Amino acid sequence: MRATFSHKGRRKKEHNVLAYTSRRIVYVIPIVLSVALVCFLLVHITPGDPLVAVLPADASQELAAQLRSAYGFDRPLPVQFGLWLWRAIHGDLGNSIATGRPVLSEVMRAVGNTVMLAIAAAMIGFTLGLLFGLIAGYFRDTWVDKVATSIAIAGVSLPHYWLGMVLVIIFSVQLNWLPAVGAGPGGSGAWAWDWEHLRYLVLPAITTSVIPMGIVTRTVRALTGDILSQDFVEALRAKGLRETEVFRHVIKNAAPTALAVMGLQLGYMLGGSILIETVFSWPGSGLLLNSAIFQRDLPLLQGTILVLALFFVLLNLLVDIAQAAIDPRIKRS
Amino acid sequence: MSAMSDTALQAAPASKARGYWATVARRIRRDKVSMACAVILLLIFASALLAPWLHLADPYQGSMIRRLRHIGTPGYPLGTDELGRDMLARLIYGGRLSLVIGILPVVLAFIIGTSLGLIAGYVGGKLNTAIMRTVDVFYAFPSVLLAIAISGALGAGITNSIVSLTIVFVPQITRVAESVTTGVRNMDFVEAARASGAGPFTIMRVHMLGNVLGPIFVYATGLISVSMILAAGLSFLGLGTKPPEPEWGLMLNTLRTAIYVNPWVAALPGAMIFAVSICFNLLSDGMRSAMDIRN
Chain A
1 MRATFSHKGR
11 RKKEHNVLAY
21 TSRRIVYVIP
31 IVLSVALVCF
41 LLVHITPGDP
51 LVAVLPADAS
61 QELAAQLRSA
71 YGFDRPLPVQ
81 FGLWLWRAIH
91 GDLGNSIATG
101 RPVLSEVMRA
111 VGNTVMLAIA
121 AAMIGFTLGL
131 LFGLIAGYFR
141 DTWVDKVATS
151 IAIAGVSLPH
161 YWLGMVLVII
171 FSVQLNWLPA
181 VGAGPGGSGA
191 WAWDWEHLRY
201 LVLPAITTSV
211 IPMGIVTRTV
221 RALTGDILSQ
231 DFVEALRAKG
241 LRETEVFRHV
251 IKNAAPTALA
261 VMGLQLGYML
271 GGSILIETVF
281 SWPGSGLLLN
291 SAIFQRDLPL
301 LQGTILVLAL
311 FFVLLNLLVD
321 IAQAAIDPRI
331 KRS
Chain B
1001 MSAMSDTALQ
1011 AAPASKARGY
1021 WATVARRIRR
1031 DKVSMACAVI
1041 LLLIFASALL
1051 APWLHLADPY
1061 QGSMIRRLRH
1071 IGTPGYPLGT
1081 DELGRDMLAR
1091 LIYGGRLSLV
1101 IGILPVVLAF
1111 IIGTSLGLIA
1121 GYVGGKLNTA
1131 IMRTVDVFYA
1141 FPSVLLAIAI
1151 SGALGAGITN
1161 SIVSLTIVFV
1171 PQITRVAESV
1181 TTGVRNMDFV
1191 EAARASGAGP
1201 FTIMRVHMLG
1211 NVLGPIFVYA
1221 TGLISVSMIL
1231 AAGLSFLGLG
1241 TKPPEPEWGL
1251 MLNTLRTAIY
1261 VNPWVAALPG
1271 AMIFAVSICF
1281 NLLSDGMRSA
1291 MDIRN
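Those protein sequence lines, which keep their order, are chains A and B.
According to the numbering used here, the first sequence is numbered sequentially starting from 1.
According to the numbering used here, the second sequence is numbered sequentially starting from 1001.
These aren't lab readings, by the way, just hints derived from the structure by calculation.
Just so you know, not all the hints are guaranteed correct.
[Claimed, not checked] Derived CB-CB ranges, DEER-like:
id: 1; chain 1: A; residue 1: Leu178; chain 2: B; residue 2: Asn1211; range: 44 to 54 Å
id: 2; chain 1: A; residue 1: Ile29; chain 2: B; residue 2: Gly1210; range: 39 to 49 Å
id: 3; chain 1: A; residue 1: Ser229; chain 2: B; residue 2: Gly1125; range: 29 to 39 Å
id: 4; chain 1: B; residue 1: Trp1053; chain 2: A; residue 2: Ile29; range: 52 to 62 Å
id: 5; chain 1: B; residue 1: Ala1271; chain 2: A; residue 2: Ala65; range: 51 to 61 Å
Quick caveat: nothing in here was measured; it's all calculated off a predicted structure.
Don't be surprised by glycine CBs; every beta carbon is placed ideally from N, CA and C.
Start from the sequences and build out the full structure, keeping to the hints where you can.
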């Protein structure tokens, strides 16, 4: 089959993917604008005056008015949105009310730690999920399948912040093997790739990996089962292919959907890390969000959510394009 | 042709004569896992509902001299918390608030999302585009982030946490409802109803609602599992209810300080969240396979 693939045909396929990519990018623009609008409006659904957080209790009316116009809160909403968006496009998300530092640099510094946690968790969760899913789907309705399915359903039903606590109880309190909180010895901010630092990553990463593990297992199990019940598998076996060869075909057919699910899960891990980062005091974007909420630091809250949501949109875009590139069956409509 | 269908009818096994929903109910009753989950959930619901009549200790009454007793202490079967309050009583009373803030958002989102999805799927055209593109915007946020963003902006409180979770789930249910409705819309019986002069509202209510509700209901049951975890998670962060109210997520948070003294008592509230969450998940799976009559 592959030998008869003409050069012309391949070029046409590339052209298709390219057209799909550009259409998909155009489609993402209104989504990005709406996401920005939602983040902007978040500050305006908050009860009370956002200035309360910065104003000293005995502030004069004059000072209040001065700060109000400095933050731009005195202009009409659409104007405020326009100005805010214009500055955001130029990388200016305002200054944190609590620390006075630029929001963007605070967020970007924290996001690095969250990305590290998410990637470590993805390596654990996706590997186990793919393994369990393939085995469960291949040996459907046997005891192996039942065990793998039970692990998966427990994974998606676990309150992960509670799992984090239980792991701390077992491995930090009882066994004293791993640290309970933080991201390095002595609370220093510098990260290094040695065991002294990596041991801080173990428990948060395992905790984060549980939900994606469960979801990938369930998806891959269903995919494998569906593919194995199709006629072409029967034909491959009739042709005399060994089971390992048949398995290779199963993986090839399951790959695009599995990839899409894993991409989405990576996005959820990046954006939904607040609970786990709170449990482990992991200095990432989730912990930043937590402090922004409780210090009523609205520019920081707004900026963190905007950056995380944009990461998520971008990741979805990349996954869609990758999926279209490897799967010729995707309807490019 | 008619003779053939007559013999087919007679040859059909007795079970085929039952209605669809009767068959589904029978299949669920035979599923041991689903029934076990239903029993566990019923017990948790009943004990939360009947808590004042169960002769429990006062869930608010603490004592400094009996703090953090271990599980199995006489008089305190599940120990006491960091303020010396009886854990068994607090776990049972805690179910009242935890179950309400976990389930109510899904119920509200079920009503709103089904209506929106039904309208979008049936009317189609520009209205469909408007509704579904708005839904897409919410899909651009990871659900945990969206829940915490709205809840964090609105401020702590039970009502705010219910509102934020409802906003998170409405788009998800709308999407399911819209896709199911679009599938049913072009079927012959809907066309027949339209040809016999039924108005759009009658068609949606009488002919379509019954056919789309099943799959949406199964999806929503699975969502309760997520909602329980998120609602308790908001309380865990301090965005839900306030102390001294017993609520599983908040209890988990305040007991965090106790993990070095009495770790297993500290872990109990999370076990309750896990139990409810996994039961709803398994029940949703059981219903899904029971409704898939083809197997």
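Structure-based check of all given hints:
1. A/Leu178 / B/Asn1211: 44 to 54 Å: holds, 53 Å
2. A/Ile29 / B/Gly1210: 39 to 49 Å: Since A/Ile29 and B/Gly1210 have Cβ atoms about 40 Å apart, the given range 39 to 49 Å holds.
3. A/Ser229 / B/Gly1125: 29 to 39 Å: Holds - the Cβ-Cβ distance for A/Ser229 and B/Gly1125, about 38 Å, lies within 29 to 39 Å.
4. B/Trp1053 / A/Ile29: 52 to 62 Å: This hint holds: roughly 60 Å between Cβ atoms.
5. B/Ala1271 / A/Ala65: 51 to 61 Å: holds, 53 Å
When each numbered hint is compared with the structure, no violation occurs for any of them.
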